[in-house]
Amino acid sequence: MKRFLPLPFYVKLVSVLISILLLGYLAKIGDTILIPMILGLLFSLLLIPLSNFLERKLRFPRTLAGILSVILFFGVLGYGLFLLASQLTLLKEDFPAFKQQIMDGVGNLQTWVSQQFGIQHKDQIDFINKTASKSVDSGTLFLGTALVSLSSMFILFVFTFLYTFFLLIYRGHIVKFLLFVNRIEDRPIVLDVVQQVQYVVKKYLIGLLIQMSLVSLLVFIVLSLIGVKYSLLLALITGVFNVLPYVGIFSSMLTIAILTFATSSFTP
Numbered sequence: 000m001k002r003f004l005p006l007p008f009y010v011k012l013v014s015v016l017i018s019i020l021l022l023g024y025l026a027k028i029g030d031t032i033l034i035p036m037i038l039g040l041l042f043s044l045l046l047i048p049l050s051n052f053l054e055r056k057l058r059f060p061r062t063l064a065g066i067l068s069v070i071l072f073f074g075v076l077g078y079g080l081f082l083l084a085s086q087l088t089l090l091k092e093d094f095p096a097f098k099q100q101i102m103d104g105v106g107n108l109q110t111w112v113s114q115q116f117g118i119q120h121k122d123q124i125d126f127i128n129k130t131a132s133k134s135v136d137s138g139t140l141f142l143g144t145a146l147v148s149l150s151s152m153f154i155l156f157v158f159t160f161l162y163t164f165f166l167l168i169y170r171g172h173i174v175k176f177l178l179f180v181n182r183i184e185d186r187p188i189v190l191d192v193v194q195q196v197q198y199v200v201k202k203y204l205i206g207l208l209i210q211m212s213l214v215s216l217l218v219f220i221v222l223s224l225i226g227v228k229y230s231l232l233l234a235l236i237t238g239v240f241n242v243l244p245y246v247g248i249f250s251s252m253l254t255i256a257i258l259t260f261a262t263s264s265f266t267p
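FYI, the numbering for the sequence shown is 0 to 267, going by numbering that gives the first Met the number 0.
Derived from the structure by calculation, the hints contain no laboratory data. From a predicted model like this one, the values you see are computed outputs, not experimental measurements. Honestly, I wouldn't trust all of these hints.
[To be verified] Once the Cα atoms are required to be at most 25 Å apart in a straight line, the calculated SDA-like pairs of lysine to any residue come out as:
hint: 1; residue 1: 228; residue 2: 78
hint: 2; residue 1: 201; residue 2: 240
hint: 3; residue 1: 202; residue 2: 240
hint: 4; residue 1: 201; residue 2: 215
[Claimed, not checked] Pair by pair, the computed Cβ-Cβ distance ranges are:
hint: 5; residue 1: 63; residue 2: 253; range: 45 to 53 Å
hint: 6; residue 1: 212; residue 2: 10; range: 46 to 54 Å
hint: 7; residue 1: 202; residue 2: 26; range: 21 to 29 Å
hint: 8; residue 1: 54; residue 2: 19; range: 34 to 42 Å
hint: 9; residue 1: 169; residue 2: 252; range: 37 to 45 Å
Glycine included, C-beta positions come from ideal geometry on N, C-alpha and C.
Put together the whole structure using the sequences plus the hints.
Following this line, the structure appears as structure tokens:
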């Protein structure tokens, strides 16, 4: 039986730290490849039940079943991104009006404070005006940057599509490889681990999609009933942000509050 040379603790610690740094550096320089690969792995795990249904029930070849599954999934995803991009384009066109609306609201608020409390602080008012103007300008710049980055999103979309397709149709070869690199007596355990990971990830993604859909639908209904402009965009943003626990929902609430204030008249 082979015995490994025992190493001091500080050598092990340095080795672990160097390994973490190297992995982080490789992830940084290889994000163009790694991000689509990880997304493709998750999406392929999500599409395995649909592909199995097409193969077993409808007797489709695995390649054809994989193509149909991926096209259907990315068609729905692409339609959602198209709706989001169209809403962002409309929002960008209305940003000058939003800026004026916010400045008018701030002016009305300053007048109300001055009349009610007799506070006359010109320097403070000027500071508020500058801060509000810079905030809206920063939002416009951010939105323009987001629209420019649509080309990068398209490239990410294409590579994720390809990774998802190939991982889906060659999933059997991947499992065989994992079994081959392990000892014969360990292969049942490896196979069980693969199946459990696949099951957990699939259930998690399905639950996440259901949660996002329900949250987006409910927010869209509520905002539409109270007459908030861009209710579809805000609903989609809320559904996506809701993936992040606590922080996401508060960020979406802040976004809704700002856009609602910017698109409605403010009279204290």
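Of all the hints numbered above, which does this structure not satisfy? Sort the numbers upward. none
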